[in-house]
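Participant: Below are the chains, spelled out letter by letter.
Number of protein chains: 2
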Amino acid sequence: MPQMRKNPLTGKWVILAPERAHRPESHLPHYHPHVEHHIECHFCYGNEQITPPEVLVYGRQEALPNSPGWELRVISNKFPAVDMEKHFSVSCNNSMEVYSYAEGKSEVIIETPHHSKNMAHYSLKQLELVLNSYKERYIAISNEKHIKSVLIFKNQGKSAGASISHSHSQIIGLPILPPLLEQELLLSKNHYKEKNTCIYCDMIALELKEKSRIVFENDKFISFMPYAAKAPFETWILPKFHSDSFEKLTDSQIKNLAEIWKVVLYKLHEGLDNAPYNYFIHTSPAYENTENYYHWHVEIIPRTTTPAGFELGTGIFINISTPEENAKILREIEIK
Amino acid sequence: MPQMRKNPLTGKWVILAPERAHRPESHLPHYHPHVEHHIECHFCYGNEQITPPEVLVYGRQEALPNSPGWELRVISNKFPAVDMEKHFSVSCNNSMEVYSYAEGKSEVIIETPHHSKNMAHYSLKQLELVLNSYKERYIAISNEKHIKSVLIFKNQGKSAGASISHSHSQIIGLPILPPLLEQELLLSKNHYKEKNTCIYCDMIALELKEKSRIVFENDKFISFMPYAAKAPFETWILPKFHSDSFEKLTDSQIKNLAEIWKVVLYKLHEGLDNAPYNYFIHTSPAYENTENYYHWHVEIIPRTTTPAGFELGTGIFINISTPEENAKILREIEIK
Numbered sequence: 001m002p003q004m005r006k007n008p009l010t011g012k013w014v015i016l017a018p019e020r021a022h023r024p025e026s027h028l029p030h031y032h033p034h035v036e037h038h039i040e041c042h043f044c045y046g047n048e049q050i051t052p053p054e055v056l057v058y059g060r061q062e063a064l065p066n067s068p069g070w071e072l073r074v075i076s077n078k079f080p081a082v083d084m085e086k087h088f089s090v091s092c093n094n095s096m097e098v099y100s101y102a103e104g105k106s107e108v109i110i111e112t113p114h115h116s117k118n119m120a121h122y123s124l125k126q127l128e129l130v131l132n133s134y135k136e137r138y139i140a141i142s143n144e145k146h147i148k149s150v151l152i153f154k155n156q157g158k159s160a161g162a163s164i165s166h167s168h169s170q171i172i173g174l175p176i177l178p179p180l181l182e183q184e185l186l187l188s189k190n191h192y193k194e195k196n197t198c199i200y201c202d203m204i205a206l207e208l209k210e211k212s213r214i215v216f217e218n219d220k221f222i223s224f225m226p227y228a229a230k231a232p233f234e235t236w237i238l239p240k241f242h243s244d245s246f247e248k249l250t251d252s253q254i255k256n257l258a259e260i261w262k263v264v265l266y267k268l269h270e271g272l273d274n275a276p277y278n279y280f281i282h283t284s285p286a287y288e289n290t291e292n293y294y295h296w297h298v299e300i301i302p303r304t305t306t307p308a309g310f311e312l313g314t315g316i317f318i319n320i321s322t323p324e325e326n327a328k329i330l331r332e333i334e335i336k
Numbered sequence: 001m002p003q004m005r006k007n008p009l010t011g012k013w014v015i016l017a018p019e020r021a022h023r024p025e026s027h028l029p030h031y032h033p034h035v036e037h038h039i040e041c042h043f044c045y046g047n048e049q050i051t052p053p054e055v056l057v058y059g060r061q062e063a064l065p066n067s068p069g070w071e072l073r074v075i076s077n078k079f080p081a082v083d084m085e086k087h088f089s090v091s092c093n094n095s096m097e098v099y100s101y102a103e104g105k106s107e108v109i110i111e112t113p114h115h116s117k118n119m120a121h122y123s124l125k126q127l128e129l130v131l132n133s134y135k136e137r138y139i140a141i142s143n144e145k146h147i148k149s150v151l152i153f154k155n156q157g158k159s160a161g162a163s164i165s166h167s168h169s170q171i172i173g174l175p176i177l178p179p180l181l182e183q184e185l186l187l188s189k190n191h192y193k194e195k196n197t198c199i200y201c202d203m204i205a206l207e208l209k210e211k212s213r214i215v216f217e218n219d220k221f222i223s224f225m226p227y228a229a230k231a232p233f234e235t236w237i238l239p240k241f242h243s244d245s246f247e248k249l250t251d252s253q254i255k256n257l258a259e260i261w262k263v264v265l266y267k268l269h270e271g272l273d274n275a276p277y278n279y280f281i282h283t284s285p286a287y288e289n290t291e292n293y294y295h296w297h298v299e300i301i302p303r304t305t306t307p308a309g310f311e312l313g314t315g316i317f318i319n320i321s322t323p324e325e326n327a328k329i330l331r332e333i334e335i336k
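Just so you know, the sequences run in chain order A and B.
Per the working numbering, residue 1 is the first one in the first sequence, and the count goes up by one each step.
Per the working numbering, residue 1 is the first one in the second sequence, and the count goes up by one each step.
Everything labelled a hint here was simulated from the structure, so no lab data went into it.
From the three backbone atoms N, C-alpha and C, an ideal C-beta is built for every residue, glycine too.
Possibly wrong hints are sitting among the right ones.
[What the hints assert, rightly or not] So the derived label-pair ranges between C-beta atoms look like this: (1) B:Glu324 with A:Ser159: 28 to 38 angstroms; (2) B:Lys145 with A:Leu208: 33 to 43 angstroms; (3) B:Gly59 with A:Lys78: 53 to 63 angstroms; (4) A:Tyr192 with B:Ile335: 51 to 61 angstroms; (5) B:Gln183 with A:Glu194: 20 to 30 angstroms; (6) B:Thr10 with A:Lys240: 15 to 25 angstroms; (7) B:Glu19 with A:Ala63: 38 to 48 angstroms; (8) B:Gln183 with A:Lys145: 26 to 36 angstroms; (9) B:Asn218 with A:Asn289: 47 to 57 angstroms; (10) A:Lys78 with B:Thr10: 26 to 36 angstroms; (11) A:Pro18 with B:Glu62: 55 to 65 angstroms; (12) A:Leu208 with B:Lys86: 29 to 39 angstroms.
Build out the structure end to end from the sequences listed, making use of the hints.
Facilitator: Spelled out as structure tokens, the structure:
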């Protein structure tokens with residue numbers, strides 16, 4: 001039974017999910033670098049009955065649910081850290097032991113039927129499907145009772161925490177506001193109160209002026225490396241237009257977003273030799289009106305270095321490179 | 001030139017240290033599992049001239065500085081993330097680009113002359129030397145002008161961030177208070193204001209009563225796994241007596257600390273099959289009187305799982321085990 005426990009020394013929640021220790025580690029060997037199908041992979045065609053039933057599917061025509069022929073599937077997480085069996089309700093044994101059932105929603109997006117396709121090599125159409133599924137499931141989960149925030153994220157590569165090699169993303173809805181999002185909301189709210197502007201819009205204006213940290217831009221979106229990048233090649237994607245919520249994206253904006261997404265992931269893939277990475281989308285929490293001051297964005301964190309004792313002990317990151325140098329490297333990579 | 005940059009969205013500092021990218025990665029193969037000496041290792045006997053000069057040495061009798069014959073050496077870090085060449089002084093290009101020179105002090109403790117000895121197998125005497133050197137260098141660095149906090153930490157194993165396999169620890173003095181220490185100080189101060197007790201002393205009293213999370217205890221120290229453990233087998237060591245400052249340890253307390261240190265590291269080494277880990281010491285910052293409310297402690301974080309997109313995006317940790325189960329496993333491991 002998943003439990004949340006509150007750290008009495010920081011006030012932060014931790015999720016205890018011993019059941020997740022039982023999930024299979026399936027970094028199956030790629031017998032061929034471009035194998036389309038792997039008979040033992042739970043996320044490949046033909047194994048749909050092994051996974052939990054799909055909650056969303058794209059591309060399958062007139063066939064039975066949970067059968068092959070799809071372009072993208074979303075399923076419940078078989079080994080969830082949080083689930084909806086009980087409610088989030090804070091109890092305590094004493095002032096040091098504060099806990100709750102770890103309520104939440106956890107889903108997996110199987111982004112492609114192709115067993116070993118890297119997201120950097122998806123077609124634009126496939127990326128549009130992925131982004132559309134993010135939006136659809138974001139809206140569905142954020143409308144669930146008790147869900148206060150939803151995180152969409154991807155772990156690419158074993159050392160970035162992916163336990164299954166077939167390319168997939170995850171969506172987790174939580175009954176609490178995560179501390180990192182809370183901090184961003186607070187800071188952008190304060191900035192708005194003080195200057196009557198969105199701090200992200202101000203940052204985009206500066207990056208457009210300075211140019212040195214920009215990776216790519218198109219009509220509607222910009223990608224740059226943040227001035228105080230925590231890790232080498234940390235790269236963000238943001239809408240140039242002010243918008244607090246990812247799920248407000250229109251179809252034409254999704255097309256534009258798919259383009260920059262593809263370019264940025266391709267450049268990172270080429271520039272870093274297929275390094276493992278994580279990305280996540282920070283967007284307005286479901287229950288709060290943040291329209292004026294918050295600005296949704298994607299943060300991509302390549303895993304080229306290891307946070308160690310210093311980072312764990314201080315909360316300060318050491319970046320052994322500069323975003324200006326790194327952005328230049330990525331700008332110079334040609335798109336084939 | 002190392003630089004600190006302030007993240008305008010969180011107010012947190014990041015250290016940019018591109019020079020560190022040039023440090024050698026020397027996880028030399030262990031030709032023999034217990035090789036005492038490796039000719040290519042910078043931390044072994046005979047290579048003292050390759051390292052920066054020692055700032056502290058134990059065990060060498062009547063020989064030249066920076067020559068063999070020592071039991072423990074402390075040297076300046078050859079590839080420091082921070083140094084004392086310039087001062088910490090906050091400047092800005094604009095409201096988004098706030099920076100400073102990354103002033104600080106960075107030293108390496110070569111804990112043993114033995115090339116492949118694991119700390120879990122040190123003699124008590126060797127561990128006492130290590131803890132003594134921590135104390136001596138802590139006092140020296142915290143007395144440097146501009147230094148506000150000092151972190152003692154260790155990275156054991158390549159995947160825990162150690163770039164050199166010969167066992168060593170690090171000490172870094174910083175001109176700022178790290179956010180994680182700041183948070184602990186604030187929370188323990190508030191607890192003291194409210195209850196007139198130290199929150200860590202209260203926690204120790206609870207652990208002694210409940211027993212389920214205790215790993216080991218002796219006269220003066222206790223080791224337990226925290227209730228809201230962030231990672232499997234996260235283990236703490238604390239003095240049972242109230243003390244805010246590591247450097248106030250007496251010689252007899254250091255003997256007692258060396259004993260529990262050895263037992264705990266041995267149990268983790270056996271229980272987790274020599275898993276990589278980090279540890280760090282949280283102690284009162286140099287400049288503030290925290291005597292009443294703060295309580296120094298060691299946090300050991302084995303690296304058995306990988307924080308991934310969820311943790312990076314939320315700041316919430318998922319622990320796939322419980323501290324009660326894990327503490328029981330370690331309690332049952334016999335000391336040989």
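Participant: Quick check on a hinted range of 26 to 36 angstroms for Gln183 of chain B and Lys145 of chain A, using CB atoms only.
Facilitator: holds (32 angstroms)
Participant: Between Glu19 of chain B and Ala63 of chain A, is the Cβ distance one that fits in 38 to 48 angstroms?
Facilitator: Taking Cβ atoms as reference, Glu19 of chain B and Ala63 of chain A lie about 58 angstroms apart, which means the hint is violated.
Participant: Could you say whether the range 26 to 36 angstroms given as a hint is met by the Cβ separation of Lys78 of chain A and Thr10 of chain B?
Facilitator: holds (34 angstroms)
Participant: Hint says 53 to 63 angstroms; check whether the CB-CB distance for Gly59 of chain B and Lys78 of chain A agrees.
Facilitator: holds (56 angstroms)
Participant: Do the beta carbons of Leu208 of chain A and Lys86 of chain B sit within 29 to 39 angstroms of each other?
Facilitator: Given range 29 to 39 angstroms: holds, Cβ gap about 32 angstroms.
Participant: Lying within 20 to 30 angstroms: is that true of the beta-carbon distance Gln183 of chain B to Glu194 of chain A?
Facilitator: Between Gln183 of chain B and Glu194 of chain A, where Cβ atoms are some 24 angstroms apart, the hint holds.
Participant: If I claimed the Cβ atoms of Pro18 of chain A and Glu62 of chain B lie 55 to 65 angstroms apart, would that claim hold in this structure?
Facilitator: holds (57 angstroms)
Participant: Quick check: does the Cβ-Cβ distance between Lys145 of chain B and Leu208 of chain A fall within 33 to 43 angstroms?
Facilitator: holds (41 angstroms)
Participant: Could one say that the CB atoms of Glu324 of chain B and Ser159 of chain A fall in the range 28 to 38 angstroms?
Facilitator: holds (29 angstroms)
Participant: Could you check the hint for me, namely that Asn218 of chain B and Asn289 of chain A are 47 to 57 angstroms apart, CB to CB?
Facilitator: This hint holds: roughly 56 angstroms between Cβ atoms.
Participant: Could you see if the CB distance from Tyr192 of chain A to Ile335 of chain B stays within 51 to 61 angstroms?
Facilitator: holds (59 angstroms)
Participant: Is it true that the C-beta distance of Thr10 of chain B to Lys240 of chain A lies inside 15 to 25 angstroms, as the hint says?
Facilitator: At 22 angstroms between Cβs, range holds.
Hint violations for this structure: number 7 only, all remaining hints satisfied.
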